[in-house]
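Colleague: Each chain is listed here by its residues.
4 protein chains.
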Amino acid sequence: MIPRYSRPEMVAIWEPATKFRIWYEIEAHACDAQAKLGVIPQESADAVWKAKDVEFDVARIDEIEAVTKHDVIAFLTHLAEHIGSTEARFVHQGMTSSDVLDTTFNVQLVRATDILLAGVDRVLAALKTRAYEHKDTVRIGRSHGIHAEPTTMGLTFARFYAEMDRNKNRLEKAKWEIATGAISGAVGTFANIDPEVEEHVCEQLGLRPEPISTQVIPRDRHAMFFATLGVIASSIENIATEIRHMQRTEVLEAEEFFSAGQKGSSAMPHKRNPVLTENLTGLARLVRMSVIPAMENVALWHERDISHSSVERTIGPDTTITLDFALNRLAGVIEKLVIYPETMLANMNKFKGLVMSQRVLLALTQVGVSREDSYKMVQRNAMKVWEKGADFKTELLADPEVTAALSPAQIEEKFDLGYHTKHVDTIFARVFGKD
Amino acid sequence: MIPRYSRPEMVAIWEPATKFRIWYEIEAHACDAQAKLGVIPQESADAVWKAKDVEFDVARIDEIEAVTKHDVIAFLTHLAEHIGSTEARFVHQGMTSSDVLDTTFNVQLVRATDILLAGVDRVLAALKTRAYEHKDTVRIGRSHGIHAEPTTMGLTFARFYAEMDRNKNRLEKAKWEIATGAISGAVGTFANIDPEVEEHVCEQLGLRPEPISTQVIPRDRHAMFFATLGVIASSIENIATEIRHMQRTEVLEAEEFFSAGQKGSSAMPHKRNPVLTENLTGLARLVRMSVIPAMENVALWHERDISHSSVERTIGPDTTITLDFALNRLAGVIEKLVIYPETMLANMNKFKGLVMSQRVLLALTQVGVSREDSYKMVQRNAMKVWEKGADFKTELLADPEVTAALSPAQIEEKFDLGYHTKHVDTIFARVFGKD
Amino acid sequence: MIPRYSRPEMVAIWEPATKFRIWYEIEAHACDAQAKLGVIPQESADAVWKAKDVEFDVARIDEIEAVTKHDVIAFLTHLAEHIGSTEARFVHQGMTSSDVLDTTFNVQLVRATDILLAGVDRVLAALKTRAYEHKDTVRIGRSHGIHAEPTTMGLTFARFYAEMDRNKNRLEKAKWEIATGAISGAVGTFANIDPEVEEHVCEQLGLRPEPISTQVIPRDRHAMFFATLGVIASSIENIATEIRHMQRTEVLEAEEFFSAGQKGSSAMPHKRNPVLTENLTGLARLVRMSVIPAMENVALWHERDISHSSVERTIGPDTTITLDFALNRLAGVIEKLVIYPETMLANMNKFKGLVMSQRVLLALTQVGVSREDSYKMVQRNAMKVWEKGADFKTELLADPEVTAALSPAQIEEKFDLGYHTKHVDTIFARVFGKD
Amino acid sequence: MIPRYSRPEMVAIWEPATKFRIWYEIEAHACDAQAKLGVIPQESADAVWKAKDVEFDVARIDEIEAVTKHDVIAFLTHLAEHIGSTEARFVHQGMTSSDVLDTTFNVQLVRATDILLAGVDRVLAALKTRAYEHKDTVRIGRSHGIHAEPTTMGLTFARFYAEMDRNKNRLEKAKWEIATGAISGAVGTFANIDPEVEEHVCEQLGLRPEPISTQVIPRDRHAMFFATLGVIASSIENIATEIRHMQRTEVLEAEEFFSAGQKGSSAMPHKRNPVLTENLTGLARLVRMSVIPAMENVALWHERDISHSSVERTIGPDTTITLDFALNRLAGVIEKLVIYPETMLANMNKFKGLVMSQRVLLALTQVGVSREDSYKMVQRNAMKVWEKGADFKTELLADPEVTAALSPAQIEEKFDLGYHTKHVDTIFARVFGKD
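Residue numbers (the numbering used here), protein chains in the order written: chain S, 7 to 441; chain G, 7 to 441; chain P, 7 to 441; chain Y, 7 to 441.
In short, the hints are calculated from the structure, not lab data. Some clues are possibly wrong.
Copies of the same chain look alike in the list, so a pair counts if it fits in one copy or across any two.
As the list claims (entries may be wrong) - Result set (DSS-like, lysine-lysine): computed pairs, CA atoms no more than 30 Å apart in a straight line:
no., residue 1, residue 2
1, Lys141, Lys440
2, Lys181, Lys134
3, Lys174, Lys141
4, Lys174, Lys277
5, Lys390, Lys75
6, Lys394, Lys358
7, Lys179, Lys134
None of the values given here were measured: they were computed from a predicted structure.
Given the sequences, and given the hints that come with them, work out the whole structure.
Modeller: So, in structure tokens, the structure goes:
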């Protein structure tokens, strides 16, 4: 994680203070359950809640850990400083450090996902707004980077919307994947603690009890989680790549917003760089790089080894922070993207009607001209456009063989952009619903 | 794909004959829809079905393609050889090659997934059988490869079951992801073909129409699909790693089945290698390696470029074939795994009761001995076990300070395995339901 | 590996017949060394060479393997059919299957690398030719896809040459990495065979003896090898991306060669797709996907496990075949790339001299105008170009404040392309040497 | 980067103060060269060195950057505060920000590599010491985790030494790869600055001039660099995996050092977890995850885009810091590894001589017993060992058919460990030289 690619809201989830707060809640809820089961005195359980509004002193806990060499024990010692060591003696009873650590990690991931979902929603809202705004803004569709047939800018936004909407669905599923907790002991047998404690703690924290854990929550869940973030990052790269292409000097159909104050903008008006979307391209690589390590984390030895830990200490914060930043940067780019419909038209007409050559070819064959002859007729006029910069429609209208087969009106009709946009509403209804 | 790691059923899905058959069905269904729309004559649509039972001649199509340099045109030419060129003339009308190719790829992936699901089911059935069989077979649970507390072999199988059951759920979701088709034309605008054709073809093929496509079906779907396969592969590695550990000479709690006839087995009875699970470990790496390329495929340029194609020609077959083989190999390994409960007990007792030291420590503190004193009492007896091979319980029973605090019965109780297995039924009910 | 992305020369290296031939040579050379050491009779060693010109019958060996379930034994049995079982009895003595298999794999990789090196050389030759051809062909240099300052097409080729030349150097190093052999026995102790056998066999096969092996040659070598191929693939993607950008409709500074006969070319002259370089982009992903599995292969358990085997059976052939194909396809693309210098000039002039605005700004400050005033003077003229399509130089020459600071000649000079190309020869000398 | 997995020496390289110091040196050396060329006054160049001993104020530079929105300009402004704005006016003349940034990144990578090389040397020294210490400590060699033939612990260390020595060589090559600098301007043409400036600056900083750059130093160099780190990480995983296996309860041939003070060690003497090597396994995944993004960074658009930047801001520090920490942790583990030669012997004898069965088999055939009979003779005695825990040698000596073929001395000889260790010196000489 580096500050320039992070938002405070997400960073906060991964701060020590947040972690200790979750540890506290787990311990306190566990005490409630233990008291209800009669394992520990009710007063002791109640006493733990005395620390409810305490902001734990991270420096102090670190200080204790320097002595105890154990983070959970350090925290419990500090907790005892708040609630008294007599009452504190029942805290954590029957539990294993991993019970606290793994459940906490999942709470953090769940909360991180809620923020990511808000980011996706912001992207979706921006895409929808821009899609409707440019529903009928005609631009050339391109395959292989080469002009193919007309489409609209709205359709471009709409397809990104549909893709990001799938990502929202995937992210909700990914959240469900990691929304479990475990309080099951050293090897997951509940030997030292009743399963009801796990059930109570999970319920209070908005988690489901992990049906079967070992010492740890199984890591296939986290592999699926990070894989999902990798897919979302790839969609961000997809949208970013489109914008980068649109902004390149020769295309210039859109530009990232460039504030009036940004230095250099007007002395070199041609030099507005799509640095935000280039940055998003790089951030996508960073998010994706967590996918394979998260998968390598699945095969822990027997009931657990700790090889996954260093990986997760890194990718837990880094990947969610980076993706969160990327989603919000992307939303901002889309919201403020400057779009140039006239350039879109100008680009489409660069080859003076040639993009319609296939429709003309088809029309000729449909009125009965042989495929070979149709081809020759289109070809000779196309070459005039290509080589001499003539206008395709004008040439066709002046070609007696063509006009013998097709009336001027029929030829005109082949150049009608409405032909290409007639189903835009249908597609929009598919994507956005028929409101 | 290499033959030794493949099963014919899955290989068949990726054979040219299968592909051509799907192409044919797409074209034939499209003709039906076009006829209903009045775009082509009903007789022509009907005529296409004349080829219903034809097995297309792959060599002949290749021959034609060598001339036309276009695979779809080659196929259509060959189709015309069966249904007559007059009727064939309306086939593919208004369609783009990608309409056929992308929809076919998804049909293949859906069918491949059905086979993968059957493989997962076979693994699940094997795990469940072995879990119940060894529900109460006690073995030592290990964290960090070090003995921790007792658990049961049934719990090990049960947790793999739960993990694989999650994978089944993920795979069903992944199938849903790629179960779409598109017949939407050169840039996805339906300029040359009515959306109803897409709807009809998809319905007939068991797909959903892609709400918005460009020339291609969006590749975030496939990224999610291959990412899911990568997670499943990681679970396979997880199970394989457990078995490899169990079979190593010093552990020997289980062995892959070794048929009587297998050479060398009885002259070197100690040398039975877990080659199948080692192989599964490697296959997992192969499946996972498709994940990143599938994600890199998402960001196509504008309405499509063809960079994804070579990737998918490779990972489409290779990854599904490898995973299918791995799932079935894994199922076989589990079904026939030879388990040695006596060795499990012997291993657990390697350190003569030391694994119970923590319970004894806890018991001492609970009857009021200070933590420091409890620690010393456990320690001095533990060291006798560790250094001289004494029996832990015997030593404790002979230590007057210990027996002053705990009665012989209380000490005995700490060595009761039932303490550790008391919640096995609860956990089984969570995993397998309360049938 | 799929046929359409493979060349027969490389495929041949991975065919069973080649493998058996190498096995044979290893066994025969080992017999020579064993005879010299007096371990086996000289006549028996000599007898093995009777099979020198035999083409081994792959089907027959498979047939035997179906019975023996062991590939090396099957081969030895077949060999005995050629040289007689009496003499054959000494073949393979003291050796382990892995001695043969691992050494063979490295021989194959070395040979594959020689072919790859030839491919790199072909790419280098093409790049050098095109670099000199277009040494002075001016085109606009772009950062962020936006026009920056002029450069030349020759420099573009030259930098790809320098990059590919580094790759050649890396590939030679990678070849050196895997050019080792091992004949060291079950756990690498030479218990059953003298190290001199290894030395002799390696010398005959052009390998170095592996200084210390276990049962296998250490896999860090192969990890480095495949990582190097991944870097080369990334360079291919780099060049392919440049060409794809150059060919896009709005840029059109170059095109992949399009043969006269290619259908559709002249009826839709604008629709020539850079499919070869798009394909190269995908192939690069395929080559790269072997890198991580090859690294995961390094950590084998103890003296060896066989998890690496399935990975290598796949990536050994697939990655070298794909990269070989890609290199040769790339060479072909470069050799025949159609370049449009006029379009390069036209593109550069799209914003009528604006790319020179920075030089003018600098010149103004250098003659003593304050930075703020210089900026305003450039800005007001730049905006006329940007908004009204005026010519930048003309505007500057007509601006009295500008001409008060800079003479017309000085202004003219700022638009001299020679300013930007004056060091091209220097750079060429750095890249290609001063021949 | 997270503090617990980092060492201050490496962290320092990536701190802002270090970066600014390198920026300063580049600018100062560039001024020297410019003065020598007569481009700027000598006094101005000299004046820059007035700041030679200044510690730049990072907070102040950040403050300025908050206004200028440009990091290099902020630094130059701050520099002017030290050397005076009159003299400062010539600093950076003709240069582009990337000239400074890219050259600085490579200086940092070079320095980081020097620290990594020291780490590798420390690992090598530890491995060599332990190798000689345990040159003759016999332990069982294992393939597939199953006992195979005897080897020595010294050979295990020696092979890790050889592997790490290869990594040292690779790392030196990787350092060479990225030891270049570029001062070549906006698109690499040296339009605004003479190549001699680049040459002088590079010489002063211990770099080679990049033969041809664009705006940036080509990223294939960095891809190769990070790929090399990935290979080294995989070797670390390899060694860590060996130690984890040795420490598992049932094997216990070695343990990570456990300080007397470490809590819990003596009350649960069996529970010493190999947490350091497990951690190293995870760190290896983290280092490897930079490899693919670094390769994806190679294909920048045209003369540069900035997608690589966010990736490098992350993996530059994180990967070198993590690998540095891992190398030093590994060295510490090896230096202090507690080795149990008696357990090694005990483990080897677990199956009472069975590991020698293959030698006996071979001996029988060599004295003329048919392969079938030899097999039966070995088999029946082996089964007694396997099933009844008999001693293999004793059984053989009591088998009249065996003793008819082999004398007791011959049988004895087959159980001589010296047979397996006779080439240890030869191998050591290969690995460590014949000093």
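Colleague: Against this structure, judge whether each hint is valid.
Modeller: Hint-by-hint comparison with the structure:
no., hint, result
1, Lys141 - Lys440, "within (15 Å within a copy, 54 Å between copies)"
2, Lys181 - Lys134, "both (24 Å within a copy, 27 Å between copies)"
3, Lys174 - Lys141, "within (23 Å within a copy, 40 Å between copies)"
4, Lys174 - Lys277, "neither (35 Å within a copy, 37 Å between copies)"
5, Lys390 - Lys75, "between (82 Å within a copy, 27 Å between copies)"
6, Lys394 - Lys358, "both (11 Å within a copy, 23 Å between copies)"
7, Lys179 - Lys134, "both (23 Å within a copy, 26 Å between copies)"
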